[in-house]
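> Read off the chains here:
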Amino acid sequence: MSDMDEMEDGSGIVKKFMFLNRKAPHGTVYALEGLEVVLITAAFDQDVSMVFTDDGVYQLLKGIDTKGIEVKDFSKTYRALDGYDIEKLYVDQASMDARGLVEDDLIVDVTVLSVDEMANLMAEQDVVISF
Amino acid sequence: MQFGILVNEGPYSHQASDSAYLFARTALEKGYKVPRIFFYHDGVYNASRLATPPQDDRNVGARWSKLAADYGVDLVVCVAAAQRRGITDGVLGDNFRISGLGQLVEMGIQYDRLVTFGD
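In the order they appear, the protein sequences are chains A and B. Position 28 of the first sequence, counting from 1, maps to 28 under this note's numbering, and the rest follow consecutively. Convert by adding 131 to the 1-based position in the second sequence; the result is the number in this note's numbering.
Calculated directly from the structure, the hints in this document are not laboratory data. Quick caveat: nothing in here was measured; it's all calculated off a predicted structure. Ideal Cβ positions, reconstructed from N, Cα and C, are used throughout, including at glycine. Incorrect hints may have been included.
[As the list claims (entries may be wrong)] Just the calculated beta-carbon pair ranges, DEER-fashion:
{"hint": "1", "chain 1": "B", "residue 1": "205", "chain 2": "A", "residue 2": "80", "range": "29 to 35 Å"}
{"hint": "2", "chain 1": "A", "residue 1": "45", "chain 2": "B", "residue 2": "215", "range": "26 to 32 Å"}
{"hint": "3", "chain 1": "B", "residue 1": "215", "chain 2": "A", "residue 2": "120", "range": "32 to 38 Å"}
{"hint": "4", "chain 1": "B", "residue 1": "186", "chain 2": "A", "residue 2": "101", "range": "47 to 53 Å"}
{"hint": "5", "chain 1": "A", "residue 1": "82", "chain 2": "B", "residue 2": "188", "range": "45 to 51 Å"}
{"hint": "6", "chain 1": "B", "residue 1": "197", "chain 2": "A", "residue 2": "111", "range": "43 to 49 Å"}
{"hint": "7", "chain 1": "A", "residue 1": "72", "chain 2": "B", "residue 2": "219", "range": "19 to 25 Å"}
{"hint": "8", "chain 1": "B", "residue 1": "244", "chain 2": "A", "residue 2": "99", "range": "29 to 35 Å"}
[Stated by the list, open to error] Chain A stretches covered by chain B per the calculated footprint, using a threshold of three residues with CB under 8 Å from any CB of chain B:
{"hint": "9", "region": "13-26"}
{"hint": "10", "region": "33-41"}
Using the sequences and the hints given, assemble the complete structure.
As structure tokens, then:
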């Protein structure tokens, strides 16, 4: 059952996986459980991209403090992503603009894309999983 | 054509699992292959055999079990999501099994399409 066993059975195929993060980090479980899938996909040596759009851009916000809502703070996981060879992080320009955010407000280095650029990137993917 | 299906919402409170079921059943009826369906987030509640919906409504869990029996679909429930929500081997409906997220990633790697049903 372990994921390690499955990796050894792997076919050697590398596909382009995009994870589309659309939800705020807290309020629902999607961001937290979505991250778990991203990390496992990287462990399978796949070509992983993460996109943050809509309220998903808040997942990368600096200074998140969850003490008041008494839930786990997984914010630092985003900073550890490069340790899993996950370096392709993209945010949607319009989502940033609509929320008054700039790159400096985010805890990791990202590439900011226009809607057209995002559409092109999406079209290149083999698998898009949306959380 | 092989479809993988990801179900991210629980039964009754959200249409996602109904849509996923109808998509899967239709694909299978038309001769496409759906080797595996993966249940994640609240989607793991689809696997509970403890649910007893009113008799004049659909039984979502039993419907999945029958689809698996009819077509040999592998119904996989994410272990981490299941443990958070109290879904254990003891409450699984027929033909469901609990396994790791690797089973989801494998669907993306091996199948032609991965279709997500969620919010």
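> Work down the list of hints and note, for each, if the structure agrees.
Here's how the hints hold up against the structure:
For the pair residue 205 of chain B and residue 80 of chain A, the supplied restraint of 29 to 35 Å holds, since their beta-carbon distance comes to about 32 Å. Taken as a hint, the range 26 to 32 Å holds for the pair residue 45 of chain A and residue 215 of chain B, whose Cβ atoms sit roughly 27 Å apart. Evaluation of the 32 to 38 Å hint for residue 215 of chain B and residue 120 of chain A yields a pass: the beta carbon distance comes to about 37 Å. Look at residue 186 of chain B against residue 101 of chain A: about 51 Å separates their beta carbons, and that is inside 47 to 53 Å.
Distance hint check: the CB atoms of residue 82 of chain A and residue 188 of chain B are about 49 Å apart, consistent with the given range 45 to 51 Å. For residue 197 of chain B and residue 111 of chain A, the hinted distance range of 43 to 49 Å is satisfied, since their beta carbons lie about 47 Å from each other. Take residue 72 of chain A and residue 219 of chain B: their Cβ atoms lie about 22 Å apart, and the range 19 to 25 Å holds. Roughly 33 Å separates the CB atoms of residue 244 of chain B and residue 99 of chain A, a value that falls within the hinted 29 to 35 Å.
A count of 3 residues in the region 13-26 of chain A with a Cβ less than 8 Å from any Cβ of chain B is obtained; the coverage claim is therefore met, three being the minimum. Counting residues of the region 33-41 of chain A whose CB falls under 8 Å from any CB of chain B gives 5; the rule of at least 3 is met.
Violated hints are absent here; each numbered hint is respected by the structure.
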